[in-house]
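Here is what each chain is made of, one letter per residue.
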Amino acid sequence: MRKQLRTGFEYIERGFDAAFTPQWNPLLQLGALGWFFYWIVVVTGIYLYIFFDTGIFDAYDSVERLTHEQWYIGGVMRSLHRYASDAMIIVVFLHVLREFVMDRFRGKRWFAWVTGVALLWLIYASGISGYWMVWDKLAQYVAVGTAEWFDALGIFGKPISRDFLNESTLSSRFFTLLIFIHIAAPLLLLFGMWIHIQRQTKPKVNPPIGLAAGTFAMLLAVSFLSPAVSQGRANLDEVPATIGIDWFYLFIYPLRDHYSSMMLWGFIIGGTILMGVLPWLPPAKKKQVAEVNLENCNGCGRCVSDCPTSAVDLAPRTDGLNYEQQAVVNPNVCTSCGICMGACPTATPFRRTGNASAGIELPDHTLEQLKSRVLEQAEKLTGPGTMLVFTCDGGPDVTFLENRSDAAVISLPCIGMLPPPFMDYIISRRYASGILFAACREIDCHYRLGMRWTDQRINRTRDPYLRNRTPRDRIKTCRCGITETKRLAAEAEEFRKHLLELDLAQQAKPVTEEKGFADG
Amino acid sequence: MAKAFRFVLQFVLYGAFAGVVVYFSTTPQWQNLEPGMALIKVNFSHAGKHISECVKLTLEEMAELAENMRRTESCPRGRVPLYIEVVLDGQVLFEDSLPPSGFSGDGESTVFQSFPVEEGSYVLVARLRDSNRSTGYDYEHREEIHLRAEQNFVVDFNATTGGFTFL
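Listed in order, the protein sequences are those of chains W and B. Sequential numbering from 1 applies to the first sequence in this note's numbering. Sequential numbering from 521 applies to the second sequence in this note's numbering.
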């Protein structure tokens, strides 16, 4: 089921890639767009608050003045405030759905998932309380509905719905509390959003400038074309019969009308609990976390800066070796991606004595095991134009490359796990003519930063660099996700021909075993 | 050409997103109350009488109490549930037994119910029993009312002002 959903997502995203380019693809920037919409809501909200009258009897008039007398700024601000809030709901739910479908909520990723579920409550508290403040017929419907909904819990001495019985019972006291909630909830939301991204290195909280500009222009356009307006002054002596509902935030009220307050509580609390425990529901995947081998760790800190979840830190040396610091893994945060091993400068297969071992590595994907797999797979390759294909957890199905004499496949948790010396090792020792990375989709690394760091290492802009002697044109990356198997096949074939040409040209020159053809 | 096509695609996708945002921010409209209907709301809190009368303590019973807790009477905390009946033109609109709130059953009983009713004139009767009696009512209010469409008609209760009020 989830695989079908994931495939569906990738197809849609590819369509968006065509329109926006992968860098600006909004479906790959959902979290960042959520932040962007949040800031639009905050800035416009501050402006609206300057002109808003907080008394319940004057609130409606002040909003009307904002909407009509200064429509060119106040009205636009109000519309932006509403539409950005609605857009935020859309991107947040797509974000939740996408993380679920991509299986990015289990294991050590539970933290972002669970805090995200809590944020949904704050988003709704912020949005619903905002609709209340306008004090039009919709606000009346929301106020009465909310009061009766909470009264059903039976935890209040007097029913709060009595504050909204009719015009004679209405007072500003409760309304003032609502305004406090409408300011406090977004502040708490911001705090929660900050916590939400705490376990991420380099979290994306700003969309690319082009996407931000386009999105803002869209919101501005609809604010002029279809400005948000009130639905007539609230009058508690009358029941608003027909109401224009904001279905993004207020869908719970018709649900309450149709079922009951307690059923709605059951639905919402049950849904929250279910979502909250999802990371621990089967199928559970227990992965071994990274371990530090102190005899190979010099405390350089490259693994610290490359870890996508801030799971590695530096601490004072404990083994007496002449280094100031050593890497320390937080097992509660490590997602077992192996990117740390890719960053480790001691992760080299060239050692002549003893087993290959890195300063930090995954116990079930050690450097020695990786070396053995490379040698084992390389043995299957014959003739010129051969390639070792590295794929990852989020990569495509590469079964069509198996059982061939010119290609062999090695699967890693993340492409970023492969240290650059390994690429040099494979090519310079002629275990394969070239290396093909069949990886996650562009801008959508399953472990967030693996592909980005690999690109930079290959392009020699990030330490550890790929050695200069390793020809760049013998390494190719295909970011094809799970849906672009055909493209992968085509690119693999093209790459094979390219390698064949290089090999044939190479054969014209004498090659020494020590140098390998990589040295030219 | 490809760039122009890309911009057109972007425009279409931005437009579709904007369309979804604008449309669902107000539509489809929700029919909260059918046309030609009014709403009768019964909404109040009231504490029923205690389950039983206070009992005078004997000297021996008083002696068993701590000195700072001594009193002459023992009064039960619990309250009786309210029994309410609302009748519209002779038809029972609502009747229920309302338990007292609180873990010890010593708090107020609360009711909030809404009943959509067609506009028009009716005789509305509200009755409430808040004592141990097994038949009859302690409070009753009868009134001829005229409901107009979309009217919010409230049945309130306050024992200190004499019982039911129709607002």
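For the record, the hints were derived by calculation from the structure and aren't laboratory data. Each residue gets a CB set at the ideal place from its N, CA and C atoms; glycine is no exception. Mixed in with the good hints, there may be bad ones.
Computed beta-carbon distance windows for the label pairs [unchecked claim]:
| # | chain 1 | residue 1 | chain 2 | residue 2 | range |
| --- | --- | --- | --- | --- | --- |
| 1 | W | LEU97 | B | GLY598 | 48 to 54 Å |
| 2 | W | MET263 | B | TYR543 | 49 to 55 Å |
| 3 | B | GLU554 | W | GLY210 | 56 to 62 Å |
| 4 | B | PRO596 | W | LEU97 | 53 to 59 Å |
| 5 | B | ALA586 | W | ILE195 | 48 to 54 Å |
Simulated coverage check for chain B against chain W, where a stretch passes if three residues somewhere in it have a Cβ under 8 Å from a Cβ of chain W [to be verified]:
| # | segment |
| --- | --- |
| 6 | 525-531 |
| 7 | 534-541 |
| 8 | 556-562 |
| 9 | 662-674 |
Structure-based check of each hint:
{"no.": "1", "hint": "LEU97/W - GLY598/B: 48 to 54 Å", "result": "holds (51 Å)"}
{"no.": "2", "hint": "MET263/W - TYR543/B: 49 to 55 Å", "result": "violated (28 Å)"}
{"no.": "3", "hint": "GLU554/B - GLY210/W: 56 to 62 Å", "result": "violated (50 Å)"}
{"no.": "4", "hint": "PRO596/B - LEU97/W: 53 to 59 Å", "result": "holds (56 Å)"}
{"no.": "5", "hint": "ALA586/B - ILE195/W: 48 to 54 Å", "result": "holds (50 Å)"}
{"no.": "6", "hint": "525-531", "result": "holds (count 3)"}
{"no.": "7", "hint": "534-541", "result": "holds (count 6)"}
{"no.": "8", "hint": "556-562", "result": "holds (count 4)"}
{"no.": "9", "hint": "662-674", "result": "holds (count 5)"}
Violation of the numbered hints given earlier is confined to hints 2, 3; the remaining hints are satisfied by the structure.
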